[in-house]
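**Student:** Sequence:
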Amino acid sequence: MCVENIPPPSGRLTRRGVLAGAAALAGTSAVPATAAPAASASSDARHGSPGRGGDLVVEGGRLLDPATGEVTEDAVVVIAGGVVRAAGARGRVGRVPVGAPVLRANGQWILPGLVDAHIHLNTAAEARDAVLKGATSARSGSTSFYQDIAVRELARQAPEQAPRLRAAGVFVTPDLGDTILADPDLAPLARLRDGVRSAEALRRVVEVNLARGADTVKTRVNERAGLPEQDPLVQVYDHEQLSTIVTAARRRGKGVLCHSYSEKGCHDAVTAGIRSLEHGAFVGERTLREMRRRGTYFTPTLTAIAGLAESSDPVLAERGRTYLPVLKRAVLAAHELGVPLAAGTDSSGGTVDPIGREVELMHAAGLSALDAIRTATTGAAKLLGLDSTAGRPARGFAGDVLVVDGDPLADLGVLSRPARVVRAGFAVPAA
23 MCVENIPPPS
33 GRLTRRGVLA
43 GAAALAGTSA
53 VPATAAPAAS
63 ASSDARHGSP
73 GRGGDLVVEG
83 GRLLDPATGE
93 VTEDAVVVIA
103 GGVVRAAGAR
113 GRVGRVPVGA
123 PVLRANGQWI
133 LPGLVDAHIH
143 LNTAAEARDA
153 VLKGATSARS
163 GSTSFYQDIA
173 VRELARQAPE
183 QAPRLRAAGV
193 FVTPDLGDTI
203 LADPDLAPLA
213 RLRDGVRSAE
223 ALRRVVEVNL
233 ARGADTVKTR
243 VNERAGLPEQ
253 DPLVQVYDHE
263 QLSTIVTAAR
273 RRGKGVLCHS
283 YSEKGCHDAV
293 TAGIRSLEHG
303 AFVGERTLRE
313 MRRRGTYFTP
323 TLTAIAGLAE
333 SSDPVLAERG
343 RTYLPVLKRA
353 VLAAHELGVP
363 LAAGTDSSGG
373 TVDPIGREVE
383 LMHAAGLSAL
393 DAIRTATTGA
403 AKLLGLDSTA
413 GRPARGFAGD
423 VLVVDGDPLA
433 DLGVLSRPAR
443 VVRAGFAVPA
453 A
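Just so you know, this note's numbering puts 131 at position 109 of the sequence shown, and the rest follows in order with no gaps.
Please keep in mind that the hints were generated in silico from the structure rather than gathered at the bench. Values in this document were obtained by computation on a predicted structure and should not be read as measured data. Idealized CB from N, CA, C, for every residue including glycine. Any given hint could be a false lead.
[Unchecked claim] Label-pair restraints from in silico Cβ distances:
(1) G217 x P250: 20 to 30 Å
(2) P119 x T293: 46 to 56 Å
(3) T373 x D200: 14 to 24 Å
(4) L392 x G129: 43 to 53 Å
(5) R274 x G428: 52 to 62 Å
Put together the whole structure using the sequences plus the hints.
**Tutor:** Right, here's the structure in full:
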């Protein structure tokens, strides 16, 4: 069966209802009064009516700019309206706004907020936990019922409660399961005996996602590593099917992130034109070279694979122990070849892992401390189209800041235990 004769999805008629339902599932009522336009990498101000950021002065600590590696002693960061207006040595910043709240960081280090390029946020509580653990910007790895779109709207209205988010909507996968209930325009796919495999069905899921406001598209080429009954090296979509997904997304100016494990699957995904390869444990040198040529990002989600090794399920534990060293070697090979890397935890299921842990694992794979930090700042920000917004504590960038108790260049573990988090100029109180 195919779906080619079904009318295209109507964003105008059903999108508000989708956002309202997603907001209920996410545990927040933060739905804009009118439907927001499709996401743009250039300006969050185009989405609804964002809440104004806060005013704050962070002073007294050592400031690290990941882009340059420069460390500034006795630094001052001035944030007004959620945006950094000045950052640097106390004597060079100039006049500090009178009456602005002050966060003193004497004896501590100041960094930009971190970016988690692969996370599954389904509730408002998870979104806030991600911020508290240092992720002030993020990219969704998909949700079942558009909860990430509601979380994205929450972040725009109340930025201290959620990371700045690029939403992926629902997963483009052969078996949609209960996600078929996420949107009435997906319901016709329930008639398909072989699942979402035909070109028409693949395009349909992409089109519905983008009509509902997704910023990016998530698909897979291999089965899941986190389910013991599945074999992550089994391929579920071929090159032609992946190309269909990529083409449908590109028509609307969107990129595709692709869950992958096997070398052939990775190569098919990359040559089909995906924007970023996720997991990718067995990616080979020929594919890495192709990624460098194309500018394809690698988001290895080392945290998730390391978590498998700690599973109580013997199949998953053995899988994690086998995959983790292979993936670390792939990460180092990618870095040495010049493939752009982005940090992502793949947090899901109600547990949010600190993005700092992924940075530690990048370092354990062979990256220098500074290069590891860049995967969760400047590198991930560029992947998300936020390279002029996130990842640096510089004038004009978002007022997202971490204050940590120690030198991250000497001990990356401090990134997993931020002393304070500032999101859009608001000092986020601990839970």
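**Student:** Would you mind marking each hint as holding or not holding in the structure?
**Tutor:** Verification of the supplied hints:
1. Hint check: G217 to P250, Cβ distance near 21 Å, so the stated range 20 to 30 Å holds.
2. Distance hint check for P119 and T293: the Cβ-Cβ separation is about 52 Å, which falls inside the suggested range of 46 to 56 Å.
3. One distance hint, 14 to 24 Å for the beta-carbon pair T373 and D200, holds here, with the actual separation near 21 Å.
4. Roughly 21 Å separates the CB atoms of L392 and G129, a value that falls outside the hinted 43 to 53 Å.
5. The supplied range of 52 to 62 Å is broken by R274 and G428, whose beta-carbon atoms lie about 44 Å from each other.
Hint violations for this structure: numbers 4 and 5, all remaining hints satisfied.
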